[in-house]
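Novice: Next come the chains, spelled out residue by residue.
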Amino acid sequence: GPKVLQIPSHQIIDMGQMVTLNCDPVSNHLYFYWYKQILGQQMEFLVNFYNGKVMEKSKLFKDQFSVERPDGSYFTLKIQPTALEDSAVYFCASSLWGTNTGQLYFGEGSKLTVL
Amino acid sequence: GEKVEQHESTLSVREGDSAVINCTYTDTASSYFPWYKQEAGKGLHFVIDIRSNVDRKQSQRLIVLLDKKAKRFSLHITATQPEDSAIYFCAASSGGSNYKLTFGKGTLLTVTP
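Chains as they are written, first to last, in the numbering used here: chain A, 1 to 115; chain B, 116 to 228.
There may be inaccurate statements among the hints.
[Unchecked claim] Below, a list of computed lysine-lysine pairs in the DSS-like style, where the Cα atoms sit at most 25 Å apart:
#	chain 1	residue 1	chain 2	residue 2
1	B	Lys186	A	Lys111
2	A	Lys3	B	Lys157
3	B	Lys183	A	Lys111
4	B	Lys152	A	Lys62
5	A	Lys59	B	Lys184
6	A	Lys59	B	Lys220
7	B	Lys118	A	Lys57
8	A	Lys62	B	Lys220
9	A	Lys57	B	Lys220
10	B	Lys152	A	Lys57
Because the hints were derived from the structure by calculation, they are not lab data.
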């Protein structure tokens, strides 16, 4: 079936550094999402990106976070600077339609460890 | 905003038995309720969904029930198999937003042979 690819699968960085998490969504999808998962449990919504802009974000999407998808390339999540509490697994997802209409396709996650 | 409560954090059943996972939601405007499965170290995979215009949906061994009055929905897995073992997440998409799925905390289902 359709696949969402995430790069890197694991990254370890020092607190205060910048990190970029990359997502290659399903090719014809229009809606893109980032979720944060801590300790293998709660999936926390971070942000939705559609039509070139952030449509909705949560309180977890701090000012240090940003997303973009320049020219249909990777959909990226950038954190600058990182903090210890940013350690988590970040999941990218994409969908053809919005969340009221159809399923989301998730990547395998990028595990971020901030030291 | 929408809040989704998933009542069972862990559930253990014997192979062949049925498993039931229950969720409640808060936003009466919510209209779409999908379920996702996550195997160890993997991403989430869609398993089944239900919309607010029906109260029951079945796909093979999976049955989803929706009680709009109680704001409650549940996933029933019949004739469980060891490969059903995973974390199951319920979710809700509020009618007021087409951009966000709110997930429950997940239920770790273990099916023992």
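Novice: Please write out, lowest number first, the hints stated earlier that are contradicted by the structure.
Specialist: 1, 3, 4 and 5
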